[in-house]
Structures are given as structure tokens and as C-alpha cells.
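A.B. asks: Residue numbers (my numbering), protein chains in the order written: chain A, 1 to 360; chain B, 1 to 360.
No wet-lab data here; the hints were simulated from the structure.
Where a beta carbon is used, it is the ideal one built from N, C-alpha and C, also for glycine.
Do not rely on the hints blindly, as some may be mistaken.
[Claimed, not checked] Rough simulated footprint, nothing fancy, chain B against chain A, three-plus residues with beta-carbon under 8 Å:
(1) 74 to 84
(2) 266 to 280
[As the list claims (entries may be wrong)] Beta-carbon label-pair distances, calculated as ranges:
(3) A:Asp134 to B:Asp224: 40 to 48 Å
(4) B:Ile221 to A:Gly252: 48 to 56 Å
(5) A:Asn330 to B:Phe64: 29 to 37 Å
[To be verified] Chain B regions said to be covered by chain A (calculated; three or more residues, Cβ under 8 Å):
(6) 71 to 84
(7) 267 to 278
2 protein chains.
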Amino acid sequence: MPIKSRKPRQQAEGGGARPVGLRDLARHLGLSPTTISLVLNASPASEAIPDATKQRVIEAARQFNYRPSFLARSLRAKRTFAAGVMVPELSEGYAALVVAGIEQVLMQRGYMCLATSHRHSVGQVESVVRQLSDRQVEGLILVDTPYPVHAAIPVVSVSGHREDEGVLNINLDHDAAAAQGIQHLLSLGHRSIAVFQGQQFSSDTTVRWEAIARAARDSGIAIDSRLVVQLEGDSPSPETGYAAARKLLARGVPFTALFAFNDISALGAIRAFQERGLRVPDAVSVVGFDDIWSAAFHIPALTTIRQPLRRMGELAAEKLIELIGAENGNLPASVQVAPDLIVRESTGPVAQSPRPSPAS
Amino acid sequence: MPIKSRKPRQQAEGGGARPVGLRDLARHLGLSPTTISLVLNASPASEAIPDATKQRVIEAARQFNYRPSFLARSLRAKRTFAAGVMVPELSEGYAALVVAGIEQVLMQRGYMCLATSHRHSVGQVESVVRQLSDRQVEGLILVDTPYPVHAAIPVVSVSGHREDEGVLNINLDHDAAAAQGIQHLLSLGHRSIAVFQGQQFSSDTTVRWEAIARAARDSGIAIDSRLVVQLEGDSPSPETGYAAARKLLARGVPFTALFAFNDISALGAIRAFQERGLRVPDAVSVVGFDDIWSAAFHIPALTTIRQPLRRMGELAAEKLIELIGAENGNLPASVQVAPDLIVRESTGPVAQSPRPSPAS
DNA sequence: TCCGCCCACTAAAAGGTTTTATTAAAGGCA
DNA sequence: TGCCTTTAATAAAACCTTTTAGTGGGCGGA
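Throw the hints in and build the complete structure from the sequences for me.
C.D. replies: Pasting the structure below:
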């Protein structure tokens, strides 16, 4: 694929004034580019240069508004100060929060954030990784992206649960999360608990489901397999939860609470329940997951397990930068973050009437 | 700020194998780098080269998995195929949707998306623009960013309403949007309509408010200034609308409908109303703006003016690329996109009882 | 007087491409 | 044979820095 050079864009002012470079400064000062570079970079070798000259150089640089070419120095130093970030879909609330955290830390440390999305297409994943590698990003952050990635650079995976050698994981402590949710429901008297499993493509799906099943078992109750529904479709809207809830109701197996896969699906489920005349939390209690910003303002406000998504993004960026700077040897280790149970209005004590079987 | 070169990261395999370059290929084939470059870029000058040689070159390139250095060719060709994207805050649903559209188009056209946020800090805006310029992005897309930006590259502004010379705008047709909302409420019998104005820092604030006032005037009703409340605080949560609604109620001026600044604030307002015993839409009708994904699944589902946010992002990217490729002269022009009124459950006919004055 | 050292810089290479200008060899024609 | 053209390539410059290895001159000391 050829790359054509472009005739330099005419400045509004008319003169195709190309930016001032080290050479221009050198000529203007009657010095060599080397000297200028040494001084401006405060390189150790510049100690031999008298302060007067240094001042002259610095002054001229400011006056001409000299900005070194990132391209040129990247080429020379083999450092791009750029990191690639891959998410399934940027518009998703989940990904957006994590990316916001990542971007903030990267920026603050002088790195650029190259944002990409793959829409769960394996081909797209490969193509994007190739493009990022071509641009010599120094590291990669994968968010909720359970696809194999082959890269010769440091990789941090958020909610990836990867076993891959050399991938640093930032994951939620799902056992704690599941225990919090189950305990909360148990303490309200619930015994028949329905569960939403995530979509196939979500990397949290398996881990979360297994943690919930384990937590239930440990608490002495079992999850009836007829009360387990898997979310389908890749729409990032409550639609998925709405459909799953209807499927659940259609099975006719009584339950008093739902542990949803995430807040989005919980919202959809609540709507489906209310449409069938099942009030939340009177007839059914619902626990969400994530604590997206609208969870608190839904009616009823959602009880949920909060994931510190933004913090996870920040951590991912911090760890990535550590990895990039690390000598071989002492590499930083994976990190687990703690969930928080946020009790709001969508959960309540189990109803008096023994079994509020859903209307069919 | 000095830039130190890093000792090349040891590959897992052990050999610090640096990537194969044009020179390596040349040596292996017994040709010069020039020839390889000519052939691989299918440059016009390569016509003189016999097909046999071309094949040899192409074959070797594939075999060694040769990937040209983006840095080097960018340096030489003065093209980076990168665009900077600035939003107030990446985690906001509004920005995330626009950015998703932008990223998709940029990627598909071979451009990289450098995502940044500024949190409404003018200093941060300047710093980010500087960093992006240093990296020689070929263009800039500003989303909801009403701050002056001085750049010598093409700029596209989404919902920016800038008058600046040389900035291409992608804006919603706010007059149409306001007319749709007002007409809808009028047709339901509402005459006392409250309005939320956006936060000071949002670039849509003024335009939207003026459009609404104009639409009301044109329809023969006036907006009582005591029914106008400005959102405050920069939290991207319904909290702002919740607070504004309480302020509105506290004023004790009767109203039967609210035209909110956006869906997020509408959600907060609905909660505030319900807490005061004002059912939506029975006692108060609420119209939102944006049509974020959860609007449809809120209870009650939100009637709202949809902005085609993703499409606006796509358009912005398309126009930016046009601008970048444009000869001086025929530049593409600004674009207005059309809103859609989405009628759901949060609006209804005005109540029978003449003036459902809010409980104080 | 001569050696070595310090001072204040600089020349040149390197990084990996693209592009312009040039060349060596072969072939055609007078 | 001598001249011109075509073929099949190549050398070198350019892009803009950073870094290594010097350099020339002045000066102190023996």
C-alpha cells in the first residue's frame, strides 16, 4: 500500500511555512544542531556548555516556538509513548468508563491513547493488533476482549481472565462479588434465585456464573438450572435483559429474585417483570452488576454490585507503564479489585405469599 | 524534556531480533532498498522492473513478514494518518457514542484515532492540542468542546456551533428539534412548560434554549421565566436533573410538562417528581433529549428528541478526511442533521384537574 | 618547550523509509 | 565504430532527531 507525500497544506497566512527545526535554530544561533539538542534535552553531555550559551539556546527555542518532531525522535529513540486500547465497542457504558480511566492516566504520564474497537470480530482484532504494532505502540490494553492476541509488547487485560503467559490481568474479585450478592438475597429470605449468564462473547461470563454458583452452593442453596438464562444478542441495550426475562417467565418456574449479569440487563428485566404485573421489589427482587451511572436513578433504583470500572482502567494504564519500563525480571503482578454491594430499592424481603409464581 | 532510548525489550524467545527492514530484504535478495521500496509500493517508477524480479521481491517480503516502519514513512512522507479526537469526558454516554462513530470511520479509512479528554479545563484543552500537534495528527475533531482551539490543521466540531473561520461544524437542527418537542407537548394540551437549560460549559446550551424559546413563541405560548432552570455541576449523572427539578418544584409555579436538556437530566427529574408524588406522565409530562440507550427502558420509557449521535460521529470523521484530502478551494461545508421525536411513555395529555400545582 | 587536559563545541552516523537523479550494460541504428 | 535509447537497477539526499566520537585551541605544569 503506497504512501504518497502530500503537498504541505497552505497555511491560512499564505506562506507554506514549515515548522522550525533544530537546523534552523542552529543556523540562527551560529551553533550546531548537536549543541541545541544537548542543551534542550538537558543531556548530561551538556554540562560542559557554559550557561550563557544555554540561555541563548533556550531563549531562541522559545522565541521561535521550537517543537521537536515526535516522529523523528521516536524513530531515533525507538520510543513512541503510545499505547493501544482495544474494546468491543466504545459506546458501551462499561467500556467507556474503563477507557476513560485508561486515557486519563496515560495522558498524564505523557502517553497517547490509540483507541480501537473490534465488535467481537476475530478478524478485526487481528487487523487492529497489526495496525497498532505497525505504529509501534509500546503496549496494549485489552478490555473485555477474550481473543488471543499475539504481540511482542506488554499486554494488560481488563476483565480478560487470560491465562496467557506474559499477560497482566486486572480482574474483579468475582468470588467476593458473588458472595455479596447471594448473601444479600439470602438475608432477605430469598431461596429461589434466577440468574442471568452473560453473552457468549463476554469474558466475564464464565467466571461470574461459576462464582455465583459456587457462592450459592457454599451458602447451602442450589441454583435451579431452569432459572438460569443466558443473554443473547450483542446489542448493548437493556433489550437483552428484557428478552431474557420473558424467556425466564415463560418457563413458569417460580422464583423470588434475579441476580442479573449486569445493570443493563437488570433494567430490561425489571421492565419485563413490571409489564407482567410483577412489581420490583415487592414480587421480585433484582440485583444488578457494574453500577452504571443510571442505576441510581432508575425507578426503582437498582441494587447492584459495583465494579470500580474507572479505577480498573487507571490501574491497567499504571501497570502497563510499569511493564513498559520494567527491566526483565521484576515484572508487576496481576491485580484483583474489590466489588462493593450497593443496596438500593430493587431488592426487598421475600413476599409473604409463599410462592409468588410469575403469571404465565 | 529528554527522551531516552530504551534497550530493546528481550523477546520471549530470547534473541533481541529487531524487525526486518528494507535493508535486510535488500541484502537477502542482492538488490538495493530502493528497488524493494519501488516494487512494494507499486510506484510508477517500478514499471521498468521485470515481473520476475517483482515476484521475487514480493515473495521475500511475505516470507520475512516485512512490515514497513510507520514512523519512518510518516517522517519522510509527512503523513501520519492519525486524527485527534477531543471530548469533555470519554465516559459520558453522549461523547462515547459520537466517538464510537468517529473511530469506526477513521479506522476503516486507515486512520488512527487518538482519543483525549479535557474535563472542561481550558488548560487541559491547550495542553492536549499541543500534544496532538506535536504528534502531527492530520486533523482534529472536537466534540461538545466550546473552547477556542488554534491549530494549523483541519478541524471538525461536533455540536460546537463555532463561528471560527475554517472550522467545519456538524450540528443538530435545533430549530426542528425544539419545534418537534414543543408541538408534541402542545398537541397534548400543555401550556405551562418548564425547561431545563444545559450547564454553562455545554456548547449546546445556548442554541437549544434559544430554539425552544423561539419555537414556543412561534406557537403562540410563552415560557414563564420562573419555569426555566439551569443545570449545574459537571457530573454526568441524573443527579443534575434531580437537583434542578427540586429547585423547580420549590419555586411553586405550576406547570404540566418539562422539556429537559437531555435524557440524563430528564431521568433525574422524573425521580424527583415521583418522590413528590407527581406521577409521570399523569401529573407531569417529560420530554428528554438525545435518546440514550436506557431511555427506552426507563420506567416510564422516555419520550425524547433523538440525536443521531453515532451518525454525527461518522459524519465528522468523513468530513475530516475530506478536509485533509481537499485541495485548497473546494472544501466541504458544514452539515446539519435532523432530529427525531420518539414518543414513549413519559408524555401524556394534560391532567383533567385544571392546575396540578406541584405539592410544595 | 612539550605533553596532556579541559573547554566548548561539532562532524558524522544512525534510525527506516521515499524519491530524485544517475549509472552501467545492453541493444539498435547509421 | 560511434551515438543514442532502453533496461534494470542504484546512490544519495531528504525527513529530523539523538548520540558517539572527536576536534582545535588555550592553558597549566614539568
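A.B. asks: Run the structure past the numbered hints and jot down the numbers of the failing ones, going up.
C.D. replies: 3
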